[in-house]
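Asker: For the sequence shown, my numbering gives the first residue as 1, with consecutive numbering after it.
Don't read these hints as lab results, they were simulated from the structure.
For clarity, every value in this text was computed on a predicted model and none was experimentally measured.
It is possible that some hints are incorrect.
[As the list claims (entries may be wrong)] Quick list of in silico lysine-lysine cross-link-like pairs, DSS-like style, CA-CA up to 27 Å:
| id | residue 1 | residue 2 |
| --- | --- | --- |
| 1 | Lys172 | Lys134 |
| 2 | Lys172 | Lys20 |
| 3 | Lys20 | Lys171 |
[Unchecked claim] Estimated spans, in silico, between C-beta atoms of each pair:
| id | residue 1 | residue 2 | range |
| --- | --- | --- | --- |
| 4 | Gln82 | Lys134 | 20 to 26 Å |
| 5 | Glu86 | Gly51 | 27 to 33 Å |
| 6 | Glu130 | Val78 | 19 to 25 Å |
| 7 | Phe128 | Glu150 | 26 to 32 Å |
| 8 | Phe102 | Thr76 | 16 to 22 Å |
| 9 | Gly66 | Lys172 | 16 to 22 Å |
| 10 | Glu149 | Gly88 | 38 to 44 Å |
Here a beta-carbon is modelled for each residue, glycine too, at the ideal position from N, C-alpha and C.
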Amino acid sequence: MTVSPDSSDRLSFISPSPEKTRQVASVLSRCWAQTSHGRSGLQILLRGELGVGKTVFVKGLAMGLGLGSDHISSPTFVLANQYACEDGRGLHHVDFYRLESFDELESMGFFELGGPDVVLAIEWGDRFPEALSKDRLEIHLARRGSSGEEERAIEVQATGPESQLSLNAWKKNWPEKPLSSH
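Between the sequences and the hints, there should be enough to build the whole structure, so can you do that?
Answerer: Shown next as structure tokens:
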């Protein structure tokens with residue numbers, strides 16, 4: 001896996017497979033769980049075209065929280081899936097793709113989903129940017145090569161101090177040492 005620590009608030013890497021994408025996502029959620037200590041939740045905005053691997057990334061987050069990934073599914077039609085960890089933490093996976101108005105966010109209970117012990121992963125959050133926390137990780141996934149290829153370019157940016165703590169811990173505990181430029 002090729003990795004570039006672009007700046008202190010950014011990270012770029014190439015994931016060769018869905019398995020590797022899940023692995024690095026699991027490291028992120030483990031790092032958050034170890035550093036948050038009930039202080040703050042983590043909001044993650046997942047960007048990318050249909051089928052690029054946003055739910056694959058969330059499956060990795062679930063693995064890192066000890067949930068396993070077999071029962072993790074895309075919330076496209078149900079809008080939100082909530083998963084509880086044995087230690088009291090939670091993973092909430094939301095999809096804004098089918099929503100047409102800000103009022104629908106309120107009626108689905110979106111604003112109650114976050115919290116100090118929750119990773120809140122949001123697909124298609126760009127549809128309602130005013131609903132997002134100012135402090136979040138933004139993760140953009142893009143296909144590389146032909147459409148049949150599994151390789152993904154993944155770019156990450158922290159937008160505030162709490163997300164920066166998670167990003168720093170993620171970089172420090174990267175599954176393959178050392179970080180190298182691409």
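Asker: So the hint says 16 to 22 Å: do the beta-carbon atoms of Phe102 and Thr76 match that?
Answerer: holds (19 Å)
Asker: Do the Cβ positions of Glu130 and Val78 conform to the proposed distance bound of 19 to 25 Å?
Answerer: Hint holds: Cβ distance 23 Å, inside 19 to 25 Å.
Asker: Does Lys171 lie within 27 Å of Lys20 when you go C-alpha to C-alpha?
Answerer: OK: Lys20 and Lys171 at ~15 Å, within 27 Å.
Asker: Quick check on a hinted range of 16 to 22 Å for Gly66 and Lys172, using CB atoms only.
Answerer: holds (21 Å)
Asker: Range hint 27 to 33 Å: satisfied by the CB atoms of Glu86 and Gly51?
Answerer: Holds, at about 32 Å.
Asker: CB of Phe128 to CB of Glu150, is that within 26 to 32 Å?
Answerer: Taking Cβ atoms as reference, Phe128 and Glu150 lie about 30 Å apart, which means the hint holds.
Asker: Tell me if the straight-line CA distance from Lys172 to Lys20 falls inside 27 Å.
Answerer: holds (17 Å)
Asker: Would the pair Lys172 and Lys134 pass a check requiring their Cα atoms to be no farther apart than 27 Å?
Answerer: Roughly 24 Å between the alpha carbons, so the hint for Lys172 and Lys134 holds.
Asker: Within 38 to 44 Å or not, the Cβ separation of Glu149 and Gly88?
Answerer: For Gly88 against Glu149, whose Cβ atoms are near 40 Å apart, the range 38 to 44 Å holds.
Asker: Taking 20 to 26 Å as the hint, is the beta-carbon distance of Gln82 and Lys134 inside that range?
Answerer: holds (23 Å)
Violated hints for the displayed structure: none, as all numbered hints are satisfied.
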